[in-house]
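> Sequence:
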Amino acid sequence: MKRHQVVVLLIEPIVGFDASIPPLIFGTALGPDGDELYDVTLCGLSTDPVATTTGYAIVPMAGPEALETADTVIVPGTKSARTRTDGSLPDDVAAALSRIRPGTRMVSICTGAFVLAAAGLLDDRPATTHWRYAAEFRTLFPKVRLDEEVLFVDDGDVLSSAGLAAGIDLCLHIIRRDHGAAVANDAAKYCVVPPWREGGQAQFIQRPVPQAANDSTARAREWALENLHDAINVEQLSRISNMSVRTFNRRFTEQTGRSPGAWVLEQRIERARHLLESGDLPIDEVARQAGLGTGASLRQHIRRSVGMSPLRYRKTFQGV
Numbered sequence: 024m025k026r027h028q029v030v031v032l033l034i035e036p037i038v039g040f041d042a043s044i045p046p047l048i049f050g051t052a053l054g055p056d057g058d059e060l061y062d063v064t065l066c067g068l069s070t071d072p073v074a075t076t077t078g079y080a081i082v083p084m085a086g087p088e089a090l091e092t093a094d095t096v097i098v099p100g101t102k103s104a105r106t107r108t109d110g111s112l113p114d115d116v117a118a119a120l121s122r123i124r125p126g127t128r129m130v131s132i133c134t135g136a137f138v139l140a141a142a143g144l145l146d147d148r149p150a151t152t153h154w155r156y157a158a159e160f161r162t163l164f165p166k167v168r169l170d171e172e173v174l175f176v177d178d179g180d181v182l183s184s185a186g187l188a189a190g191i192d193l194c195l196h197i198i199r200r201d202h203g204a205a206v207a208n209d210a211a212k213y214c215v216v217p218p219w220r221e222g223g224q225a226q227f228i229q230r231p232v233p234q235a236a237n238d239s240t241a242r243a244r245e246w247a248l249e250n251l252h253d254a255i256n257v258e259q260l261s262r263i264s265n266m267s268v269r270t271f272n273r274r275f276t277e278q279t280g281r282s283p284g285a286w287v288l289e290q291r292i293e294r295a296r297h298l299l300e301s302g303d304l305p306i307d308e309v310a311r312q313a314g315l316g317t318g319a320s321l322r323q324h325i326r327r328s329v330g331m332s333p334l335r336y337r338k339t340f341q342g343v
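If you're matching positions, the sequence shown starts at 24 in this note's numbering and goes up one per residue.
Careful, some of the hints might be misleading.
[Claimed, not checked] Distance condition first, Cα-Cα at most 20 Å in a straight line; then the derived SDA-like pairs of lysine to any residue: (1) LYS166 to ALA188; (2) LYS338 to ARG294; (3) LYS338 to PRO305.
Simulated from the structure, these hints should not be mistaken for laboratory data. Quick caveat: nothing in here was measured; it's all calculated off a predicted structure.
Starting from the given sequences, assemble the full structure and let the hints guide the process.
Okay, structure coming up:
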């Protein structure tokens, strides 16, 4: 199978962390036979070292010609003065982008969205960027439907993420979209990062620092994951955590960015997707094991989540 060609365009001064995400995440995505699914190339506007915003440089593997054969192009965060000041593209950046074939999937991480917007790729489309730069982004690009509250936005052939770690979430989402949950989860496990944070999750969680053991909802979440097939309510979860319902709700949201009910539903949809990808259980049985009730409920949630029916989703990932 031909590997998917991912090209990461480095525009100086680049956010080094953002630039390191795609080769790490896509480079650990393996097929069932252990074959690598993606080739990742870091390219610059030339092959000269590209300065980062944090005191070191990255030597790209190729120049802009690599963009001509890309299946996916990713633009990491950049503090390119011209694009961030007047919303225009430097001539060399515009020339590089002109090499990209029509139909290539375009992705931005953090302030890489400024580059896609300056190229007109986000006009009249939903997108996101780091919340800190939302005001200046709106001023420069009023045609973009910016939502700085979310981790990432998938608009089909154009995707964007918030800053830093949200780029990891977006790359895992792309792997999941391309090859299914099992491949994405294995890549996440190798990188020791959470396997899935849904794109609509808030960028800013009030208390992201892990809580002390007696202040954590982790045990309740672990129990919920083991019992998704059964009815789960917040009273059960709060008892497991030895908290009042009110305290549990508050701390759960602080620690996950989601209400308990929304989080459980997301895990159930995730379980259903895994069952659809990995087996041939009847739809009603998938719904039961995932705790989604009926086949009709499963169809509604899967269609809302991935835009297709459960059977079509299974066929997509199993090739049957």
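> Against the earlier hints, flag every one the structure doesn't satisfy and list their numbers going up.
1
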